Structures are given as C-alpha cells and as structure tokens.
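**Q** Chain residues, written in single-letter form:
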Amino acid sequence: MSPIQPELAIETQGLSKRFQNYFAVNQLDLQIQKGTIYGFLGPNGCGKSTTIRMLTGLLTPSAGSAKVLGYQLPEQADELRLKIGYMTQKFSLYDNLSVLENLDFVGQIYGLTRSARKARIAELAELYHLNDKIKVRAGALSGGQKQRLALAAATMHQPQLLFLDEPTSAVDPENRREFWERLFDLSDQGTTILVSTHYMDEAERCHALAILEQGQKRADGTPKQLIAQMHAAVFEVSGDNLRQLRNALMARESVISTAQIGERLRVLVSLDQPQPEVWLKAQVSTEHQVEQTRPSLEDVFVANTGAAYVQRHPL
Amino acid sequence: MSNAIRFSAARAIAIMIKELRQLARDRITFAMIVMIPFAQLMLFGYAINTDVRHVPAGLLDFAATSQSRTLVQDLEASQVVQFIRRFDDLKQAEAAITNGEVAAVLYLPADFERRLLTRELQLSTAPIGQWITDGSDPVLSGAVSGLRQMPLSDPRAVQGVDTSSAVFEIVNYFNPEKRSAVNIVPGLIAVILTMTMILFTSAAIVREREQGNMEFLITTPIRPIELMLGKIVPYILVGLLQMGIILTLGNRLFAVPLPVDLFSLLVITLLFILASLTLGLVISTQAQTQLQAMQMTIFILLPSILLSGFMFPFSAMPEPAQWISELLPATHYVRMIRAVVLREAHWSDLHFDVGYLLGFIAVGMTIATLRFKKRLD
Ligand SMILES: Nc1ncnc2c1ncn2[C@@H]1O[C@H](COP(=O)(O)OP(=O)(O)OP(=O)(O)O)[C@@H](O)[C@H]1O
Ligand SMILES: [Mg+2]
Numbered sequence: 001m002s003p004i005q006p007e008l009a010i011e012t013q014g015l016s017k018r019f020q021n022y023f024a025v026n027q028l029d030l031q032i033q034k035g036t037i038y039g040f041l042g043p044n045g046c047g048k049s050t051t052i053r054m055l056t057g058l059l060t061p062s063a064g065s066a067k068v069l070g071y072q073l074p075e076q077a078d079e080l081r082l083k084i085g086y087m088t089q090k091f092s093l094y095d096n097l098s099v100l101e102n103l104d105f106v107g108q109i110y111g112l113t114r115s116a117r118k119a120r121i122a123e124l125a126e127l128y129h130l131n132d133k134i135k136v137r138a139g140a141l142s143g144g145q146k147q148r149l150a151l152a153a154a155t156m157h158q159p160q161l162l163f164l165d166e167p168t169s170a171v172d173p174e175n176r177r178e179f180w181e182r183l184f185d186l187s188d189q190g191t192t193i194l195v196s197t198h199y200m201d202e203a204e205r206c207h208a209l210a211i212l213e214q215g216q217k218r219a220d221g222t223p224k225q226l227i228a229q230m231h232a233a234v235f236e237v238s239g240d241n242l243r244q245l246r247n248a249l250m251a252r253e254s255v256i257s258t259a260q261i262g263e264r265l266r267v268l269v270s271l272d273q274p275q276p277e278v279w280l281k282a283q284v285s286t287e288h289q290v291e292q293t294r295p296s297l298e299d300v301f302v303a304n305t306g307a308a309y310v311q312r313h314p315l
Numbered sequence: 001m002s003n004a005i006r007f008s009a010a011r012a013i014a015i016m017i018k019e020l021r022q023l024a025r026d027r028i029t030f031a032m033i034v035m036i037p038f039a040q041l042m043l044f045g046y047a048i049n050t051d052v053r054h055v056p057a058g059l060l061d062f063a064a065t066s067q068s069r070t071l072v073q074d075l076e077a078s079q080v081v082q083f084i085r086r087f088d089d090l091k092q093a094e095a096a097i098t099n100g101e102v103a104a105v106l107y108l109p110a111d112f113e114r115r116l117l118t119r120e121l122q123l124s125t126a127p128i129g130q131w132i133t134d135g136s137d138p139v140l141s142g143a144v145s146g147l148r149q150m151p152l153s154d155p156r157a158v159q160g161v162d163t164s165s166a167v168f169e170i171v172n173y174f175n176p177e178k179r180s181a182v183n184i185v186p187g188l189i190a191v192i193l194t195m196t197m198i199l200f201t202s203a204a205i206v207r208e209r210e211q212g213n214m215e216f217l218i219t220t221p222i223r224p225i226e227l228m229l230g231k232i233v234p235y236i237l238v239g240l241l242q243m244g245i246i247l248t249l250g251n252r253l254f255a256v257p258l259p260v261d262l263f264s265l266l267v268i269t270l271l272f273i274l275a276s277l278t279l280g281l282v283i284s285t286q287a288q289t290q291l292q293a294m295q296m297t298i299f300i301l302l303p304s305i306l307l308s309g310f311m312f313p314f315s316a317m318p319e320p321a322q323w324i325s326e327l328l329p330a331t332h333y334v335r336m337i338r339a340v341v342l343r344e345a346h347w348s349d350l351h352f353d354v355g356y357l358l359g360f361i362a363v364g365m366t367i368a369t370l371r372f373k374k375r376l377d
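Protein chains in written order, with my numbering: chain A, 1 to 315; chain X, 1 to 377.
Source of the hints: derived by calculation from the structure; they are not laboratory data.
Here are the simulated DMTMM-like pairs of lysine to aspartate or glutamate, each with C-alpha atoms no more than 20 Å apart in a straight line:
#, chain 1, residue 1, chain 2, residue 2
1, A, K146, A, E178
2, A, K146, X, E208
3, A, K90, X, E208
4, X, K373, A, D78
5, A, K34, A, D185
6, X, K373, A, E75
7, X, K373, A, E79
Keep in mind the model is a prediction, meaning the values are calculated, not measured.
So that you can see chain A by itself, here it is in the shape it has in the complex (with noise of 0.2 Å):
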C-alpha cells in the first residue's frame, strides 16, 4: 500500500484511548508534515505518553483513526517497525549491559549486518560522546548519558520517523542544547521527529507543536502562529505591593493569569475585553507602569489550558 498524502507524516482524526472509564486521550486530530520537528507540549498526565504508544502501535485506539508514515494502524504495526525508531520516556535498555552490547543487540534486533554494526556504533558513539563509556554498564550512566545512548539506540537503523518521550527530562540546559542540536542534524536528514516535553524553551524550539491537556488537544499550529494567534494580551506592570495589586486583578474576569516575574507582574487579559491597555491601566494605581509586550510561548501555553480554557470553552 502506498501512502495516500505523502507530505503528511502521521495524521489522526478522532484518535482517543480510554481507560476503564477515563478518557486518556480524547478526539485527537493531528496532521504532522514530514520533516518537521514536532512537539507534544503538555502537564504530566495529558495522554501525551499514550498519544505516542498508540502512534507506535503499542497501545490500539479505543475510537479513531491513526495513519502513520501512510501505515493504518492498529492493523499494519508490524511493516511500520522497520520505520520508526521510538526512544521511551523511561530508559528501556539493559542496566546490566554495557553501552556497547546495548547498541550491538540492537544492532543486530534491527538486522544490521556485522560490519554494518561496528561502522555505525562508532559513528553513533562519536556522535553521542559515548566513546568513553562504551565498555560502561548503561545501568552506572549519569541521566545525560543514557539519554544519548537511548538517541543512539532509537536511530540505529536511521528510521524515518523518530518518536522521543520527554527525552531531556534528566538533562542540564547545556547538554539539553546539544541534544536539540543532534535533533536538528536529524531532521535536516529529512527525519520526522515527534517529541514531548512540559519545557517552554524546548517547545519554542519545534517547527511545530500541539497544546495538550486532559488528553485533548488545546491549539496547535507553529509557535509564531500560535502566539499570533493568542487570544489575549501580554502587559508587565512594574511598581510597588505588587502581591496586592495580583490579588486585585485577579478577581477580574477579563485577567486570564498573572505571574510575578522578578519585579514586574506579567498580566494576559482576555481580549474579550476591548481595549485592553486601557483597560488595565485603569484597574491600577498611577505608581504603576504598564507596558505591553511580545507573547511567549508559555503565555500561549497558559491562556490556552486550565481555568483559561474552561472560561473560553463553558461546558
């Protein structure tokens, strides 16, 4: 079977997984484009886990339908495994093998011929800094090493369709940035990459991304588009008894969130409130300065689920 929209690298309508009576994932429609680096972002226990086993057809859809790399799933799992490569949210290697079985068995699960192995565990290792922990067991690795050698071990057989579950969730920024780095060697080899992480910068950093909460999904769309598309405005007010003035504003409807960063209180309002500079200035004393600025992600992220959401959406 050939795939039937060739740019589309995974495309869901309706997808959901329910759990007994609980709704892990809820109506999921996903278009991602080949190439493309993807983002799930969302809190811990959104279904972004079991949006991704159920990609990689580990997990069958209670409802909806899934096609990947143009693959039907549940029914055709088993031709799509030779094209993905899946790098799990816990390390699944062996603990008690060292770095180098661990790549030689996977290395030989995905039919690499010997000195196809060798050649590309070295070229692997030098990429993943593992050259000095190749005779190490993978269980004494620090977060950071594993993490790389679970990369490693995810694109051995170079797949064309790369899933990462919170993969840089034990890692320092520095090393988080080399680590986005490699994904950007990948992609620019034409590698689709999904990956899910609850890190802003991280998100910022996707050519596109899905909001997720409770298992459905709040916006998506590129970060510019999706800050473009925001429905509020972005102010900081800087003055004094700023605690007290967030409590104030806070009472007010049109106040989506507030959060004091340093000294200043950054405020969304709701542009359901019309002219909302105005607005705001007139709901704060004259010692305070309001200025607005550019939206980031993590207001995108904030005016699009929780309470945000529900006063948007009322049931």
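Since chain A is already given, all that's left is putting chain X with the ligands on it; use the hints.
**A** Just chain X with the ligands, lined up with the frame of chain A:
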C-alpha cells in the same frame, strides 16, 4: 499478523546472547543455578530420610523355640526394628507402647511352630504372629506393617523350602540403606528443574515488562517466536548443567548409579526442560510482576513435588490426584528418569511419556506465542 517481517534466526540469537550475558552478570541468579541443586540434594539425601530404621520394639515370645529366635534375628538384621525389651505378658507390652517406650511389639503365640507348619503346607493362611504397633505415628507403624508380611515368607525362616524367586524380593527389601537416595536423586532432578526452569523463564520475560525494556523491544521488528526462542535456549543449557550437578553429586555422595545410556538421559531431560520452559513462557504471558510469576511457579511446583511420584508412590494416590498427576510434566519425567537411570530403559521404550511431553511442548509453545501480543494493552 502480516508477512512483512519474516522469522529471523539472527534476531533470536541476538536475544539469546543478550540473555546469556545478563545471566552471567547476575551473580545471585548464577549462584542459585548451582546452589539450588546442591542444597536440595543435601536436604533430601541426608535430612529427609524416608527409610525408617531402628524402630524401638518389644518382644513377646511365648513360643521360645529356635525357629522363633531365628525369625527375631532376621527381623533385627533388617535394621527396621530393634528389639530393646522382652515382655512376659501382654499388659506389660501394652503399657510400654502407651508410654512410648517402644513403637511396636512382636507377639509370637505358643503354637507358633504349628502355625508355621500349617501355613507352610498351605493348609491355612492364618497369621503365625502379630505386630502390635503405635498407630499414632503413621510413618513408624507403616514401616512396621510393611515388615509384617515379610519375614514369614522368608524362606530362611522356614527350613527346607526353596523359593529362589522370592529371595530377590527379600534382598531388595533388606537393603534399605540405598533405597531412598537411589529413588530420590533422579526424582530430585525433576523437582529442581521444575522450579528453576519455570521460574527463570517466566521471570526473564516478566522482568523485561516490569523494568520497561519490553516497551522498547516490541517497537522493534522482533517477532514473538524469536523472543521466546531466544529466551528459552540459554535456560536449556542451565537445565542440563543442573542435571549434571545432581547426578554427579548423587553418584559421589549417595552411590546413585550413573545411567549407562547417556543419550536416553539427554533426550528425556531435554524434553522435560523444554516442557517446563514452555510452561514458564505461558506463565509470563499472564503474570504482570516477577512476584506473580513466582507465585504461579509455586502453584505448579507444589503438586509437582507431591503428586509426581517423587515423594509418594503414584499408585497409592486417589484417582483424581492421579489425573492431576498425569497432567504434570514432572510426573512423566520422574517415571522416565527412574526407568532410564535405575532400569536402564531406552528412551524409545517410553512412548507414552515421551509422546505426552512432546504434545505438551507443542501446545504450550502455541499458547505462549499466540498469547504474547506485541502490544501493551
Ligand atoms: N495502562 C493504563 N491504565 C490506566 N490508566 C492509564 C494507563 N496509562 C496511562 N493512564 C492514564 O492516562 C493518563 C495519561 O497518561 P500518560 O502517561 O499518557 O501521560 P503523560 O502526558 O505522558 O504524562 P507524563 O508527562 O507524566 O509522562 C494518566 O492520567 C494516566 O494515569
Ligand atoms: Mg509520559
């Protein structure tokens, strides 16, 4: 299942090598492989002795002839009983049983010789004497009641009668030092292999699930049958190693004969190892945690010890117990290994047991492969 991914021996071998590496590195498991047979052999060989010896007994000999004395000597020579007291009347004897001084009393009536003669001439089947036993200890009284028939058909107790066929029976009976160990050691292989084979395989797969390795493994092109085979083969080697340990030690410590026909031993043991391993695989498709796998193993291990004929004779079991017993691979193995080690049977003589184990393996493998889904739900 699609035909996109073919069976690959290389993948099965990859699993196998990985499994062997992990096994070699897991010191505790490795120690258990060697220590379990050793400890069990010591336990069953020395501590648990089902041969009763030197039961304290009393004698009430109203005949007091040379023949009655010969009988008493023969009985003592069997080492089952040891006459520690002589009584003059029944009251004394009963009192000694009641207060536990003796566990049995042999009563020989005054007309002992006449009874012996009429029995000898087949004029009567009336007993010529009586054993009075302490029934509160079934093991002791059982041992004595086993003796009860014996000496009276012993040709040595009766002059001039030549029944050479009966002599072997008696010699066998009067050779209690070896009887237990010779029977127990081969049976012990069945018990130890049941325990380790089922537990190790089920735990080996469940552990991957528990520790999250399975989530990665099943997104790879590996097929269930490759995974199963790769998991089984290393443990076949472990099983053979254990068998070797038990037989060698059994031979050195308890003079259990080593089988002449090593090939037959290998055939039946491989069959039994495979049957136990498939059982372990079936368990692994059910159990979610290693603890559950262990509990299920014990569920099978207990009847394998009690019902396989290892501890208690198969023919003495009630019929429903025999049905259950026939289902257990251990029963068939105990039967076969005793035949091969003690009776020098050839594996091909044992059609029924070989056939059953072959069928068991085929059915078990099919169930395990079908039940093992490359899914998490
Ligand atoms: N096998 C399961 N049975 C029942 N409930 C489950 C199962 N797997 C996941 N869930 C539930 O589904 C919801 C989504 O879980 P999921 O692991 O997909 O979240 P997540 O977004 O990956 O969270 P995290 O960021 O913590 O990894 C959670 O509430 C979880 O409790
Ligand atoms: Mg998760």
